[in-house]
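In order, the protein sequence lines correspond to chains A and B. If you're matching positions, the first sequence starts at 1 in the numbering used here and goes up one per residue. If you're matching positions, the second sequence starts at 1 in the numbering used here and goes up one per residue.
Don't read these hints as lab results, they were simulated from the structure. Just so you know, these numbers come straight off a predicted model, no measurement behind them. Where a beta carbon is used, it is the ideal one built from N, C-alpha and C, also for glycine. Don't take each hint at face value.
[Claimed, not checked] Heads up, simulated DMTMM-like pairs for lysine to aspartate or glutamate below, C-alpha to C-alpha not over 25 Å straight-line:
1) Lys58(A) to Glu52(B)
2) Lys20(B) to Glu87(B)
3) Lys41(B) to Asp49(A)
4) Lys42(A) to Glu22(B)
5) Lys58(A) to Glu22(B)
6) Lys41(B) to Glu39(A)
7) Lys99(A) to Glu52(B)
8) Lys99(A) to Glu104(B)
9) Lys68(A) to Glu5(A)
10) Lys37(A) to Asp27(A)
11) Lys42(A) to Glu59(B)
[To be verified] Covered stretches of chain A (in silico footprint by chain B; criterion: 3 or more residues with CB under 8 Å from a CB of chain B, positions within the stretch not fixed):
12) 7 to 13
13) 30 to 38
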Amino acid sequence: GENVEQHPSTLSVQEGDSAVIKCTYSDSASNYFPWYKQELGKGPQLIIDIRSNVGEKKDQRIAVTLNKTAKHFSLHITETQPEDSAVYFCAASNRNAGKSTFGDGTTLTVKP
Amino acid sequence: GAVVSQHPSWVICKSGTSVKIECRSLDFQATTMFWYRQFPKQSLMLMATSNEGSKATYEQGVEKDKFLINHASLTLSTLTVTSAHPEDSSFYICSARVQERINEQYFGPGTRLTVT
Numbered sequence: 001g002e003n004v005e006q007h008p009s010t011l012s013v014q015e016g017d018s019a020v021i022k023c024t025y026s027d028s029a030s031n032y033f034p035w036y037k038q039e040l041g042k043g044p045q046l047i048i049d050i051r052s053n054v055g056e057k058k059d060q061r062i063a064v065t066l067n068k069t070a071k072h073f074s075l076h077i078t079e080t081q082p083e084d085s086a087v088y089f090c091a092a093s094n095r096n097a098g099k100s101t102f103g104d105g106t107t108l109t110v111k112p
Numbered sequence: 001g002a003v004v005s006q007h008p009s010w011v012i013c014k015s016g017t018s019v020k021i022e023c024r025s026l027d028f029q030a031t032t033m034f035w036y037r038q039f040p041k042q043s044l045m046l047m048a049t050s051n052e053g054s055k056a057t058y059e060q061g062v063e064k065d066k067f068l069i070n071h072a073s074l075t076l077s078t079l080t081v082t083s084a085h086p087e088d089s090s091f092y093i094c095s096a097r098v099q100e101r102i103n104e105q106y107f108g109p110g111t112r113l114t115v116t
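Same shape as in the complex, but just chain A (with noise of 0.2 Å):
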């Protein structure tokens, strides 16, 4: 089955730096990667997207690349802000599959 390993497991960047989280994923077959946002106590919330037809989505101060060669995608944020402090996790999953495969979560804080 699909694997899905998420790097680093917490994130500690300066209000207005840029935060970059990484995801690798194993099998050649999953073709739509999501990435979410889960504030402490609450459900997590889809915050972009991105499908293997496509390299990069962008969505204001957010991004996804996706790199389906070397198998891996990557969530950028852009000038961070305190309210960006939560737990990104990157999933992957295919059509087939039927259910999504998560990464083990980052936590990102942001100082001001």
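Chain B: place on chain A using the hints.
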């Protein structure tokens, strides 16, 4: 769009009792819903996949007789924790898959279960 609700948001129950958690897709139809369990500072652990009108598919190691899942309609799935024990205390989260966009999942806000 793509809003998922859960009820209750938190519940405290005594050992031996049963607790039902509801998961609803509010503005879309969800043929598939997923139930996760999350321990503090850990990732999401998939418990089961629930398909409307059919039996749920449980992940290895999850007791189907203890965690009863019913997906009676395209907008509602329920998880019943039967004969709850303190070790069942956890954060339970459901997600729903958008019928027309097969990969996309939207999560509910979670239910904090405490068994005393």
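Structure-based check of each hint:
Restraint check for Lys58(A) and Glu52(B): not satisfied, since their Cα atoms lie roughly 34 Å apart, outside the 25 Å limit. A distance of roughly 17 Å separates the Cα atoms of Lys20(B) and Glu87(B); the hinted pair therefore holds under the 25 Å criterion. Taken as a hint, the Lys41(B) and Asp49(A) pair is honoured in the structure, with Cα atoms around 23 Å apart against an allowance of 25 Å. Straight-line distance between C-alpha atoms of Lys42(A) and Glu22(B) comes to about 16 Å, which keeps the hinted pair within the 25 Å bound.
With a C-alpha separation of about 34 Å, the suggested pair Lys58(A) and Glu22(B) falls outside the 25 Å cut-off, and the hint is violated. Between Lys41(B) and Glu39(A), the direct Cα distance comes to roughly 11 Å. Compliance with the 25 Å bound is thereby established for this hinted pair. Restraint check for Lys99(A) and Glu52(B): the C-alpha separation of about 15 Å stays at or below 25 Å, so the hint holds. For the suggested pair Lys99(A) and Glu104(B), the alpha carbons sit about 10 Å apart, so the restraint of at most 25 Å is met.
At roughly 15 Å between alpha-carbon atoms, Lys68(A) and Glu5(A) fall within 25 Å of each other, so this suggested pair holds. With a CA separation close to 23 Å, the supplied pair Lys37(A) and Asp27(A) stays within the 25 Å bound. For the hint linking Lys42(A) to Glu59(B), the alpha-carbon distance of about 23 Å falls within 25 Å, and the restraint holds. A count of 0 residues in the stretch 7 to 13 of chain A with a Cβ less than 8 Å from any Cβ of chain B is obtained; the coverage claim is therefore unmet, three being the minimum.
Judged by the Cβ-Cβ criterion of 8 Å, the stretch 30 to 38 of chain A is covered by chain B as claimed, because 4 of its residues qualify and three suffice.
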